[in-house]
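**Student:** Sequence:
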Amino acid sequence: MPTDIIMPQMGESIVEGTITKWLKKPGDKVQRDEPLFEISTDKVDAEIPAPASGVLQEIKVTEGTTVNVNTVVGTIAVDGEAAAAPAKPAAPAPEKPAAAKTEEKKVEEKKAAPAPPVAAPAPAAPSNEEDEEARSSPLVRKIAREHGISLSRVSGTGLGGRITKQDITSFIESQASQPTRVATDAFVRPAERSEAPTPLPVPRPAAPAPYPGDLVPLTNMRKIIAQRMIESRRTSAHVHCMYEVDFTRIVNLRNKHKAGFEQRHGARLTFMPFFVRAAVMALQQWPIINASLEGDNIRYHRNINMGIAVALDWGLIVPVLKNAGDLNFLGLQRGITDLGERARTKKLKPDDVEGSTFTVTNPGQFGAVFGLPIINQPNSAIMGVGGITKQPMVITDKDGSDSIAIRSVVHLTLGYDHRLIDGAVADQFMALVKKNLETWSEEVG
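Here the sequence shown stands for residues 1 to 445, numbered as in this note's numbering.
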């Protein structure tokens, strides 16, 4: 019997998921635990592995469709079964009379006879096979048939490269505006010549770049991000403060140890664990920054669960480094690297993005001087890390003499919920983060 492919439940609170991409097509061989399709939920985007080895027999839920958990979305034929369900054997057709065979042969020969040459051959009508391969709706396929257009020539702007009605009508308009080319035109592609065989469908890119003026639906992740950001703005009384930090000591320390660090531990030495460690030490002194509002009560969290914002090509996600206060510097670096890699390869689990108590985001990696981030609910604060730049600064030595020197500088911002955190507390917390960075003395491993 075929093995059912089930929409998994990626967490207790998750009741549905959207299939964003099938990584295999019917007839393809699959191995157990090999990535089979991608889903998007209100928690994570993830690759779902094949439940068994065999051949992908049927896809029952197409890309872009949202279904409840435990829904059968496809089947895998195993133990040597055929990729497609075998049809019931039909009764053998009766032998045709000789006269009928002769007449049938004449009809076939007539069909095979070459058509007389014409100046401009009409485009070949698309085959049903092409229509099935193209991601499109019945309406789009109907329009394509009426105009004699192969959907393999139309780029889709919908989810997962799906061809929309606007895509097919725009293609028709663009073709109508082009001059008709004769069959001898050297620039006519083989697929456009009536005597050439129909090419196999070419896989489309997952998300073609939209053109100015296009109306593109939000992805599932973008919808969730939009909802969360609006909810956070409506929930928390956002206030921000910014601190300038002399980051020279950290920059020099990293430059000195990064080669040896990677050789010893097999991990790159980045700046992020320095910021996280400095924040953890300050949160231990100011637990109100690590707390959350629950109605008319304050929840003081036992652990520091550090949310690390990760920018993806398709959105933003905040995986959580659990019990960050119990980790040394090496543990922080390894944990941050692991979360980032799994976020980018869609390997995160729902538990990896739940339970944060404080968040760090890094807009400076793209060149921003500083950012004013929105609080990641139900946190009460979020720290933004700006870009690291060299600037002239006034330096006061131990004797009180001033001089101007070139220093590495970073600007840190704290977005906090003024319902819970007073400005004086936020400033004292950030002053401690600044001090922890400027006077860093901890070994980096």
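Note that these hints are calculated values from the structure, not bench results.
Among the hints, a few may not be true.
Said to hold, decoys possible - With a straight-line Cα cutoff of 16 angstroms, these simulated EDC-like cross-link-like pairs (lysine to aspartate or glutamate) come out:
id, residue 1, residue 2
1, Lys21, Glu63
2, Lys349, Asp4
3, Lys25, Glu63
4, Lys347, Asp296
5, Lys346, Glu58
6, Lys347, Glu34
7, Lys346, Asp313
8, Lys434, Asp313
9, Lys25, Asp42
10, Lys322, Glu354
11, Lys346, Glu47
12, Lys43, Asp351
**Student:** Against each hint, give a clear statement of whether it holds in the structure.
**Tutor:** Right, here's what the structure says about each hint:
Restraint check for Lys21 and Glu63: satisfied, since their Cα atoms lie roughly 6 angstroms apart, inside the 16 angstroms limit. Between Lys349 and Asp4, the direct Cα distance comes to roughly 22 angstroms. Violation of the 16 angstroms bound is thereby established for this hinted pair. At roughly 12 angstroms between alpha-carbon atoms, Lys25 and Glu63 fall within 16 angstroms of each other, so this suggested pair holds. About 37 angstroms separates the Cα atoms of Lys347 and Asp296, which puts this hinted pair outside 16 angstroms; it is violated.
The straight-line distance between the Cα atoms of Lys346 and Glu58 is roughly 24 angstroms, outside the 16 angstroms bound, and the hint therefore fails. Our distance criterion of 16 angstroms between C-alpha atoms is met by Lys347 and Glu34, whose separation comes to about 13 angstroms. With a C-alpha separation of about 12 angstroms, the suggested pair Lys346 and Asp313 falls inside the 16 angstroms cut-off, and the hint holds. For the given pair, Lys434 sits about 32 angstroms from Asp313 by alpha-carbon distance, which is inconsistent with the 16 angstroms threshold.
Of the supplied pair hints, the one linking Lys25 and Asp42 is violated, its CA atoms being roughly 26 angstroms apart against a limit of 16 angstroms. Restraint check for Lys322 and Glu354: the C-alpha separation of about 9 angstroms stays at or below 16 angstroms, so the hint holds. Restraint check: the Cα-Cα separation between Lys346 and Glu47 comes to about 6 angstroms, which is no more than 16 angstroms; the hinted pair holds. Using a Cα cut-off of 16 angstroms, the hinted pair Lys43 and Asp351 holds, with the two alpha carbons roughly 9 angstroms apart.
When the structure is compared with the earlier hints, violations turn up for hints 2, 4, 5, 8, 9 and for no others.
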